[in-house]
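Undergrad: Protein sequence lines, in the order shown, are assigned to chains A and B.
Heads up: the first sequence is residues 1 to 474, going by this note's numbering.
Heads up: the second sequence is residues 1 to 474, going by this note's numbering.
A pair holds if it fits inside one copy or across any two, identical chains being indistinguishable in the list.
Each computed DSSO-like pair below joins lysine-lysine, with the alpha-carbon atoms no more than 30 Å apart: (1) Lys166 x Lys274; (2) Lys166 x Lys9; (3) Lys125 x Lys144; (4) Lys138 x Lys457; (5) Lys21 x Lys166; (6) Lys274 x Lys21; (7) Lys151 x Lys193; (8) Lys9 x Lys294; (9) Lys151 x Lys211; (10) Lys129 x Lys166; (11) Lys395 x Lys69; (12) Lys332 x Lys21; (13) Lys395 x Lys211; (14) Lys151 x Lys420; (15) Lys129 x Lys144; (16) Lys193 x Lys211; (17) Lys222 x Lys211; (18) Lys439 x Lys193; (19) Lys69 x Lys21; (20) Lys151 x Lys439; (21) Lys388 x Lys421; (22) Lys144 x Lys420; (23) Lys30 x Lys274.
None of these hints come from the bench; they were simulated from the model.
Fair warning: this is a prediction, and the values are worked out from it, not measured in the lab.
2 protein chains.
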Amino acid sequence: MIYIDRTCKETLYMQIYHQIKTDILQGSLKEGDLLQGSRGLANTLHVSRNTVDAAYGQLYAEGYIFPKKGIGYVVASLPKLTLSTSLETIENVKATHNNLLPPKQELPILYDLTNGSHSNDLFPKTLWKKATIECIEKLDSEQKLAKIIDKQGELYLRHTLLSYLKRIRGIHCTEDQIIITCGIQQSLEYICKLLANDKSYVFMEEPGYHKATAVFLNNNLKIQTVPVDEHGLMVSRLPANKEHCILYTTPSHQFPTGVTMPIHRRLELLSWAKENHSYILEDDFDSELRYYAKPIPSLQSIDMNDRVIYLGTFSKALSPTIRMGYMILPHKLLSRYNQIFQDYNATVPILNQYVVSHLIETGEYDRHVRRMNHVFRQRLECFEREFKNISSNLKLSSNGSGQYFLLEFSTSVSQDILIKKAAEQGVKVYSTMQFWQEKTDCPPNTLFLGFSKIDIKNIEDCVSRLKKAWSEWL
Amino acid sequence: MIYIDRTCKETLYMQIYHQIKTDILQGSLKEGDLLQGSRGLANTLHVSRNTVDAAYGQLYAEGYIFPKKGIGYVVASLPKLTLSTSLETIENVKATHNNLLPPKQELPILYDLTNGSHSNDLFPKTLWKKATIECIEKLDSEQKLAKIIDKQGELYLRHTLLSYLKRIRGIHCTEDQIIITCGIQQSLEYICKLLANDKSYVFMEEPGYHKATAVFLNNNLKIQTVPVDEHGLMVSRLPANKEHCILYTTPSHQFPTGVTMPIHRRLELLSWAKENHSYILEDDFDSELRYYAKPIPSLQSIDMNDRVIYLGTFSKALSPTIRMGYMILPHKLLSRYNQIFQDYNATVPILNQYVVSHLIETGEYDRHVRRMNHVFRQRLECFEREFKNISSNLKLSSNGSGQYFLLEFSTSVSQDILIKKAAEQGVKVYSTMQFWQEKTDCPPNTLFLGFSKIDIKNIEDCVSRLKKAWSEWL
Numbered sequence: 001m002i003y004i005d006r007t008c009k010e011t012l013y014m015q016i017y018h019q020i021k022t023d024i025l026q027g028s029l030k031e032g033d034l035l036q037g038s039r040g041l042a043n044t045l046h047v048s049r050n051t052v053d054a055a056y057g058q059l060y061a062e063g064y065i066f067p068k069k070g071i072g073y074v075v076a077s078l079p080k081l082t083l084s085t086s087l088e089t090i091e092n093v094k095a096t097h098n099n100l101l102p103p104k105q106e107l108p109i110l111y112d113l114t115n116g117s118h119s120n121d122l123f124p125k126t127l128w129k130k131a132t133i134e135c136i137e138k139l140d141s142e143q144k145l146a147k148i149i150d151k152q153g154e155l156y157l158r159h160t161l162l163s164y165l166k167r168i169r170g171i172h173c174t175e176d177q178i179i180i181t182c183g184i185q186q187s188l189e190y191i192c193k194l195l196a197n198d199k200s201y202v203f204m205e206e207p208g209y210h211k212a213t214a215v216f217l218n219n220n221l222k223i224q225t226v227p228v229d230e231h232g233l234m235v236s237r238l239p240a241n242k243e244h245c246i247l248y249t250t251p252s253h254q255f256p257t258g259v260t261m262p263i264h265r266r267l268e269l270l271s272w273a274k275e276n277h278s279y280i281l282e283d284d285f286d287s288e289l290r291y292y293a294k295p296i297p298s299l300q301s302i303d304m305n306d307r308v309i310y311l312g313t314f315s316k317a318l319s320p321t322i323r324m325g326y327m328i329l330p331h332k333l334l335s336r337y338n339q340i341f342q343d344y345n346a347t348v349p350i351l352n353q354y355v356v357s358h359l360i361e362t363g364e365y366d367r368h369v370r371r372m373n374h375v376f377r378q379r380l381e382c383f384e385r386e387f388k389n390i391s392s393n394l395k396l397s398s399n400g401s402g403q404y405f406l407l408e409f410s411t412s413v414s415q416d417i418l419i420k421k422a423a424e425q426g427v428k429v430y431s432t433m434q435f436w437q438e439k440t441d442c443p444p445n446t447l448f449l450g451f452s453k454i455d456i457k458n459i460e461d462c463v464s465r466l467k468k469a470w471s472e473w474l
Numbered sequence: 001m002i003y004i005d006r007t008c009k010e011t012l013y014m015q016i017y018h019q020i021k022t023d024i025l026q027g028s029l030k031e032g033d034l035l036q037g038s039r040g041l042a043n044t045l046h047v048s049r050n051t052v053d054a055a056y057g058q059l060y061a062e063g064y065i066f067p068k069k070g071i072g073y074v075v076a077s078l079p080k081l082t083l084s085t086s087l088e089t090i091e092n093v094k095a096t097h098n099n100l101l102p103p104k105q106e107l108p109i110l111y112d113l114t115n116g117s118h119s120n121d122l123f124p125k126t127l128w129k130k131a132t133i134e135c136i137e138k139l140d141s142e143q144k145l146a147k148i149i150d151k152q153g154e155l156y157l158r159h160t161l162l163s164y165l166k167r168i169r170g171i172h173c174t175e176d177q178i179i180i181t182c183g184i185q186q187s188l189e190y191i192c193k194l195l196a197n198d199k200s201y202v203f204m205e206e207p208g209y210h211k212a213t214a215v216f217l218n219n220n221l222k223i224q225t226v227p228v229d230e231h232g233l234m235v236s237r238l239p240a241n242k243e244h245c246i247l248y249t250t251p252s253h254q255f256p257t258g259v260t261m262p263i264h265r266r267l268e269l270l271s272w273a274k275e276n277h278s279y280i281l282e283d284d285f286d287s288e289l290r291y292y293a294k295p296i297p298s299l300q301s302i303d304m305n306d307r308v309i310y311l312g313t314f315s316k317a318l319s320p321t322i323r324m325g326y327m328i329l330p331h332k333l334l335s336r337y338n339q340i341f342q343d344y345n346a347t348v349p350i351l352n353q354y355v356v357s358h359l360i361e362t363g364e365y366d367r368h369v370r371r372m373n374h375v376f377r378q379r380l381e382c383f384e385r386e387f388k389n390i391s392s393n394l395k396l397s398s399n400g401s402g403q404y405f406l407l408e409f410s411t412s413v414s415q416d417i418l419i420k421k422a423a424e425q426g427v428k429v430y431s432t433m434q435f436w437q438e439k440t441d442c443p444p445n446t447l448f449l450g451f452s453k454i455d456i457k458n459i460e461d462c463v464s465r466l467k468k469a470w471s472e473w474l
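Make a model of the complete structure from these sequences and hints.
TA: This is how it looks when you write it as structure tokens:
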């Protein structure tokens with residue numbers, strides 16, 4: 001018996017459809033049962049015949065019923081199935097999952113000295129809006145609003161990016177070597193597929209960038225760590241007889257120690273890569289943000305042997321929310337790239353690619369980077385001033401660039417306690433433990449503090465809270 | 001000898017920096033050589049002392065020189081290195097690469113019956129602009145313009161998407177099961193990392209979606225094909241004793257045959273997955289585009305055993321240029337997802353996520369989908385009409401949905417010849433060969449024709465050109 005509810009929001013034909021479907025699934029309508037003719041049912045229900053036809057059409061499209069010539073619609077044969085839910089199981093899993101979530105933050109955090117996020121006002125909102133409108137029109141006139149896009153990224157962006165990188169980072173390459181990705185991790189995913197096999201391993205700086213490590217591990221690469229000194233990755237500790245390896249490094253601003261690899265070490269590293277037929281992944285993540293000297297030319301710019309894969313991102317100078325980065329492949333990897341990714345789609349929306357290209361082309365990007373440098377330099381100097389006055393037991397390490405610094409206590413104290421005490425005063429600071437593969441090698445009394453999210457007017461208060469929190473060890 | 005050119009665009013300090021650096025790299029300044037004092041050099045060059053200090057500071061930052069107490073700057077020790085270029089090699093590789101590029105298109109293509117791209121006018125340009133402006137303001141007020149974003153995608157989008165999918169596709173899940181990705185391929189990359197190990201293999205429909213195959217192969221999965229009949233993937237051909245497998249399927253609109261899997265087959269498939277502890281990847285890529293019946297409820301909506309991973313995309317209903325899709329994980333995979341991707345970043349820009357969410361929330365997305373359905377239905381019907389009149393030797397297969405159809409010749413002729421002849425008349429049609437793992441099983445006389453990019457007013461001319469091209473076989 002079908003019941004029609006005219007006050008219900010559901011259309012009449014869907015009501016009929018649902019009730020017949022339920023009858024079939026619950027077994028009250030069985031295989032071979034004949035449905036009432038559509039004219040008859042329409043009369044019974046006081047609906048139009050089209051309504052019943054639509055319901056029957058849908059049931060037929062889904063395979064619940066089929067038309068029998070000269071008779072009408074008949075219920076199809078369905079396999080006997082326990083569709084009995086395992087709902088309790090689902091609930092159990094849900095409960096377990098909820099237990100895995102971090103406990104609720106009990107104390108209000110006033111200042112989060114995190115890494116990566118910026119204060120909201122640093123996003124070039126007006127520029128972005130204006131560029132978006134212009135680029136939608138440009139894409140429209142080029143008939144590109146709905147066309148499958150180049151897997152490597154749009155030539156317009158690769159072209160302006162190339163001239164920018166030549167100028168700023170000394171990059172030498174052609175547009176066909178540039179691949180636009182949705183960030184460093186996506187670039188690393190591609191590289192793992194390009195270079196790695198089951199037996200591959202990768203050399204990582206210790207300490208190093210944990211988000212790169214995550215990608216390598218998820219691609220079944222073995223990680224071998226290389227220590228870092230005041231000149232960055234210690235090339236002398238690399239084995240000489242390991243061929244066809246991958247080495248990941250942050251030479252211009254080692255993450256997280258902040259040191260810069262000087263030219264002699266860079267040349268040694270390139271020499272090692274050449275002799276060992278290995279590739280260097282140069283992550284140049286924040287090279288535009290240097291406050292006292294110009295950015296140091298990239299490894300890629302002095303590599304003459306096609307051994308460097310250059311990785312960049314717009315997350316630091318623009319915003320982490322735009323999810324855009326790039327990699328530059330050596331020429332000799334291009335044919336392999338084109339072969340193994342031939343059926344792949346691009347990962348970055350065309351409009352966003354055009355907006356960034358437009359900002360670079362018009363010089364707005366340069367102006368924005370200068371503004372960011374000004375803001376970040378002021379924040380860093382403010383932190384340096386404030387911490388200087390506190391105690392000689394505290395050492396702030398920064399190389400005058402980027403968006404973070406390390407804070408080292410000469411007194412004996414553990415990170416956990418320092419973090420907890422700071423949180424009690426409303427300041428969130430971070431452990432350096434996550435950057436170490438060998439956790440026991442991590443200095444227990446060094447913290448990671450980012451200054452990209454805190455407003456300069458709050459730094460004084462923030463540091464005085466930290467002073468209060470840590471008075472015991474100062 | 002340093003030479004200053006005041007007419008040159010380069011700043012004075014960069015001129016000094018570059019000349020000293022070149023001297024060091026070329027060996028005319030050697031290890032231990034003392035640089036002239038900055039005051040003296042400034043006097044010699046008639047520049048300010050700050051200018052020389054800036055140049056020396058940069059050279060120091062890069063490790064070319066270092067300060068010796070009481071003496072001044074001294075040239076650092078650099079390893080002897082042949083930086084001799086292998087430029088010829090690079091040129092050779094370049095030449096080889098260029099040879100790999102497809103030959104230039106000799107004939108002008110008037111109508112490209114491709115898959116995936118839409119005609120430019122189908123992009124909701126005005127809506128997108130308006131929504132972008134509104135969403136930038138919304139993000140600004142929520143202080144989210146420059147903050148690291150949720151790796152799963154923004155809750156705002158997951159929330160509106162969830163209610164949309166419940167309504168349209170019968171999806172049952174919670175927001176925490178939804179992961180926003182930059183497309184189906186990105187979803188599959190995640191799934192490979194979630195489910196696969198070295199011994200894993202994946203069941204694929206034959207013929208099937210080649211872009212999914214590409215991802216599985218790049219993740220070292222073994223492909224085992226399963227034939228497709230008029231009800232889609234033939235569940236009876238699946239082995240019963242294979243545990244913990246992955247099965248990829250397009251049940252609502254099999255790619256490329258176009259058939260729909262009816263309910264009895266769906267239930268069989270779910271039963272197989274349950275018994276074999278295997279996962280079904282349900283690619284529901286164009287389920288919104290159905291022209292005669294409502295979309296068929298998804299497999300996910302009738303799965304009660306947490307065996308279906310649902311995959312969707314905005315490429316078909318909105319545009320392939322926005323690079324946005326999603327997957328819905330079963331509850332029991334969530335803790336593993338959170339564990340192995342805990343250090344991963346999101347892949348889709350926050351602004352684009354907000355724009356799509358805004359379109360769904362305001363009902364604009366529904367209205368847009370209806371417009372797309374209207375346009376595509378008209379195009380499909382126009383093709384059907386035009387081809388019907390041509391010859392009984394041609395069979396057009398479509399299930400009244402999507403953006404493509406297959407064209408089968410009952411006469412004996414090869415795809416290559418048909419494609420070549422069509423191109424000579426300015427129409428690009430496609431082979432079905434790429435969808436087959438076992439190329440010899442591909443019917444030689446079936447072509448793939450997409451109607452998402454051609455304007456309806458051109459279809460008559462397009463078909464009359466094809467008639468001319470293929471007259472021999474009609």
